[in-house]
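Protein chains: 2
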Amino acid sequence: MNAPVPLILTGDRPTGPLHLGHYIGSLKNRVAYQHEYRQFIMLADSQALTDNMDNPAKIHNNLLEVAFDYLAVGIDPAKTTIFVQSQVPELAELAFYYLNLVTVARLERNPTVKEEIRLRNFERDIPAGFLTYPVSQAADITAFKATLVPVGEDQIPMIEQTNEIVRRFNRTYNCETLVEARALVPEVGRLPGLDGRAKMSKSLGNALNLGASEQEISKAVKKIYTDPQHLRIEDPGHLEGNVAFIWLDAFDDDRAALEEMKAHYVRGGLADSKVKARLEACLQELLAPIRARREEFARDPAEVMRILQRGTEAAREVAARTMAEVKAVLGLNYF
Amino acid sequence: MNAPVPLILTGDRPTGPLHLGHYIGSLKNRVAYQHEYRQFIMLADSQALTDNMDNPAKIHNNLLEVAFDYLAVGIDPAKTTIFVQSQVPELAELAFYYLNLVTVARLERNPTVKEEIRLRNFERDIPAGFLTYPVSQAADITAFKATLVPVGEDQIPMIEQTNEIVRRFNRTYNCETLVEARALVPEVGRLPGLDGRAKMSKSLGNALNLGASEQEISKAVKKIYTDPQHLRIEDPGHLEGNVAFIWLDAFDDDRAALEEMKAHYVRGGLADSKVKARLEACLQELLAPIRARREEFARDPAEVMRILQRGTEAAREVAARTMAEVKAVLGLNYF
Numbered sequence: 173m174n175a176p177v178p179l180i181l182t183g184d185r186p187t188g189p190l191h192l193g194h195y196i197g198s199l200k201n202r203v204a205y206q207h208e209y210r211q212f213i214m215l216a217d218s219q220a221l222t223d224n225m226d227n228p229a230k231i232h233n234n235l236l237e238v239a240f241d242y243l244a245v246g247i248d249p250a251k252t253t254i255f256v257q258s259q260v261p262e263l264a265e266l267a268f269y270y271l272n273l274v275t276v277a278r279l280e281r282n283p284t285v286k287e288e289i290r291l292r293n294f295e296r297d298i299p300a301g302f303l304t305y306p307v308s309q310a311a312d313i314t315a316f317k318a319t320l321v322p323v324g325e326d327q328i329p330m331i332e333q334t335n336e337i338v339r340r341f342n343r344t345y346n347c348e349t350l351v352e353a354r355a356l357v358p359e360v361g362r363l364p365g366l367d368g369r370a371k372m373s374k375s376l377g378n379a380l381n382l383g384a385s386e387q388e389i390s391k392a393v394k395k396i397y398t399d400p401q402h403l404r405i406e407d408p409g410h411l412e413g414n415v416a417f418i419w420l421d422a423f424d425d426d427r428a429a430l431e432e433m434k435a436h437y438v439r440g441g442l443a444d445s446k447v448k449a450r451l452e453a454c455l456q457e458l459l460a461p462i463r464a465r466r467e468e469f470a471r472d473p474a475e476v477m478r479i480l481q482r483g484t485e486a487a488r489e490v491a492a493r494t495m496a497e498v499k500a501v502l503g504l505n506y507f
Numbered sequence: 173m174n175a176p177v178p179l180i181l182t183g184d185r186p187t188g189p190l191h192l193g194h195y196i197g198s199l200k201n202r203v204a205y206q207h208e209y210r211q212f213i214m215l216a217d218s219q220a221l222t223d224n225m226d227n228p229a230k231i232h233n234n235l236l237e238v239a240f241d242y243l244a245v246g247i248d249p250a251k252t253t254i255f256v257q258s259q260v261p262e263l264a265e266l267a268f269y270y271l272n273l274v275t276v277a278r279l280e281r282n283p284t285v286k287e288e289i290r291l292r293n294f295e296r297d298i299p300a301g302f303l304t305y306p307v308s309q310a311a312d313i314t315a316f317k318a319t320l321v322p323v324g325e326d327q328i329p330m331i332e333q334t335n336e337i338v339r340r341f342n343r344t345y346n347c348e349t350l351v352e353a354r355a356l357v358p359e360v361g362r363l364p365g366l367d368g369r370a371k372m373s374k375s376l377g378n379a380l381n382l383g384a385s386e387q388e389i390s391k392a393v394k395k396i397y398t399d400p401q402h403l404r405i406e407d408p409g410h411l412e413g414n415v416a417f418i419w420l421d422a423f424d425d426d427r428a429a430l431e432e433m434k435a436h437y438v439r440g441g442l443a444d445s446k447v448k449a450r451l452e453a454c455l456q457e458l459l460a461p462i463r464a465r466r467e468e469f470a471r472d473p474a475e476v477m478r479i480l481q482r483g484t485e486a487a488r489e490v491a492a493r494t495m496a497e498v499k500a501v502l503g504l505n506y507f
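Respectively, the protein sequence lines represent chains A and B.
For what it's worth, our numbering labels the leading residue of the first sequence as 173, then goes sequentially.
For what it's worth, our numbering labels the leading residue of the second sequence as 173, then goes sequentially.
Don't take each hint at face value.
Unchecked claim - Pulled a few chain B residues facing chain A out of the computed Cβ check, cut under 10 Å:
hint	residue
1	Y209
2	S218
3	T222
4	P228
5	L235
6	A264
7	I298
8	C347
9	T349
10	V501
11	N505
Quick caveat, the hints were computed from the structure, so don't treat them as lab data.
Please read all numbers here as calculations on a predicted model, not as lab measurements.
Note that CB positions come from ideal geometry on N, CA and C, so glycine has one too.
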């Protein structure tokens with residue numbers, strides 16, 4: 173018997189258009205994965221509501237923006253199933269049953285949730301839906317019987333929580349209905365923000381969106397953080413923490429030329445403006461076709477919505493099958 | 173404009189056949205309500221799972237038992253919609269969104285949940301589904317836009333929790349989609365158990381089931397708790413805490429004869445056996461037709477299942493309509 177094709181579940185909260193950090197951290201990999209694996213990408217609108225319940229418009233206004241980004245970078249709906257979480261109600265239903273398999277104390281110990289609660293200053297006013305969102309993620313992952321879930325290091329506890337539920341379910345009901353998943357941690361680390369901060373984020377104002385115009389790219393590169401001690405051209409420059417070079421590492425394919433440039437910079441005698449010009453050229457080259465495709469899709473939002481609808485229908489079939497299996501195991505299949 | 177017909181949502185966790193306590197506390201009222209109100213009765217199998225996840229068979233094995241009891245006492249599926257909670261997935265979906273509208277701290281303060289947690293010795297190992305079940309109840313109530321919910325005094329905090337969610341939702345989204353409910357607390361108090369304990373319950377072994385045989389009724393009445401100080405017939409007897417008389421109050425329609433009997437008992441000279449004989453006669457008369465109808469339904473479980481299926485389809489239509497309205501308010505109606 174051949175091993176089944178690994179199945180990936182991944183996705184994004186649609187809270188804003190995607191940026192270069194997403195491209196390096198996940199989108200680029202997804203374009204590659206779709207040739208090797210069965211891949212489901214979820215627009216996690218319901219999950220985004222757990223901390224945006226007062227402003228749901230933010231979510232639905234950004235749904236298509238993220239979809240445009242997916243399609244623009246080359247995620248192919250013929251190879252990858254792109255779907256909308258809220259339109260697969262089986263995911264909420266499955267989460268509802270899983271809530272009985274996890275204790276409150278266990279959820280409160282989840283390091284990812286603890287950190288997210290801290291970041292959001294929730295303190296005692298944690299919405300129940302926020303505390304329980306790892307259970308919702310477990311439902312998303314197991315509904316598709318995903319075996320691989322691409323996540324950053326900080327999200328590994330979420331996969332552990334999922335697998336605990338899987339094991340508890342299969343053991344309690346003496347079945348093999350649910351499937352454990354493995355975290356797929358990308359080799360490439362996180363892309364720092366323009367300002368040198370570790371995390372690129374729209375809300376920090378240090379991101380460069382995938383749909384950025386030529387001028388926006390140019391403007392962004394001009395203000396990119398380099399080496400604050402590199403005051404005169406002839407001074408030796410430093411590479412550590414130098415965002416211009418970190419980004420070049422990520423985007424410049426001509427490794428030999430880049431290594432030469434780095435040596436020159438460290439030695440002294442290379443102006444920041446030269447480094448930035450090279451980076452800008454790389455980014456303009458990378459983003460021009462993405463922007464063009466993005467604009468093309470954005471001209472026909474109805475067609476993109478149809479792509480999402482078709483993906484959602486396909487995803488729903490899979491999730492409904494798992495839900496029916498779970499209900500059969502629980503004996504909740506009366507009719 | 174005429175006021176709309178009040179709508180009742182009520183139900184039971186199907187963890188065992190129903191008993192006289194259910195009859196007095198709720199079933200008898202439901203038979204009356206169905207002529208005045210629109211009434212939905214829910215077989216709360218999903219809710220029963222919140223503390224029976226290790227033994228789901230207990231739930232599905234008792235689903236039909238409870239349905240037989242409903243039909244036997246005269247709940248008429250042509251007037252009352254009887255449905256199965258787990259087969260209306262919109263209820264779980266709605267609960268999933270409501271989780272974002274309630275804080276963990278608020279759930280932990282719920283007095284009913286606190287008491288139930290104490291009773292079950294959960295301590296720190298509270299299943300998340302148990303802590304959040306008031307949210308699930310809010311979903312059940314609001315999905316049908318129920319305006320009246322028959323509950324005991326101890327369940328009033330659950331209705332308050334529901335109404336908090338309703339107000340928060342309607343206020344946040346500036347809409348009138350959800351409807352507040354009012355607790356309908358029955359005038360007749362709780363029927364004590366055979367052994368004199370305040371609560372009649374199968375697990376305490378002090379219940380008399382609605383489907384009890386003639387002999388079971390006879391045996392139960394023989395061991396019913398009366399007045400432990402009434403040792404000799406000629407002694408004066410006491411009525412307080414005397415279960416035989418409390419039950420007669422509940423089941424004997426000949427009030428004049430009953431008052432005469434009470435006076436005789438208090439005065440002295442009336443044997444417990446006489447009181448019990450009168451009670452047994454009442455109970456045999458009450459339960460004989462219920463038992464006969466119950467046996468009739470039990471001979472055709474497939475037909476009863478069809479009744480539940482039809483009720484569930486009707487209930488699902490209503491719940492799906494509310495769910496669609498809620499999703500539209502949240503902007504989650506893309507396709």
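Verification of the supplied hints:
no.: 1; hint: Y209; result: violated, 27 Å
no.: 2; hint: S218; result: holds, 7 Å
no.: 3; hint: T222; result: holds, 5 Å
no.: 4; hint: P228; result: holds, 5 Å
no.: 5; hint: L235; result: holds, 7 Å
no.: 6; hint: A264; result: holds, 4 Å
no.: 7; hint: I298; result: holds, 5 Å
no.: 8; hint: C347; result: violated, 12 Å
no.: 9; hint: T349; result: violated, 13 Å
no.: 10; hint: V501; result: holds, 8 Å
no.: 11; hint: N505; result: holds, 9 Å
The structure is inconsistent with the numbered hints 1, 8, 9, although it conforms to all the rest.
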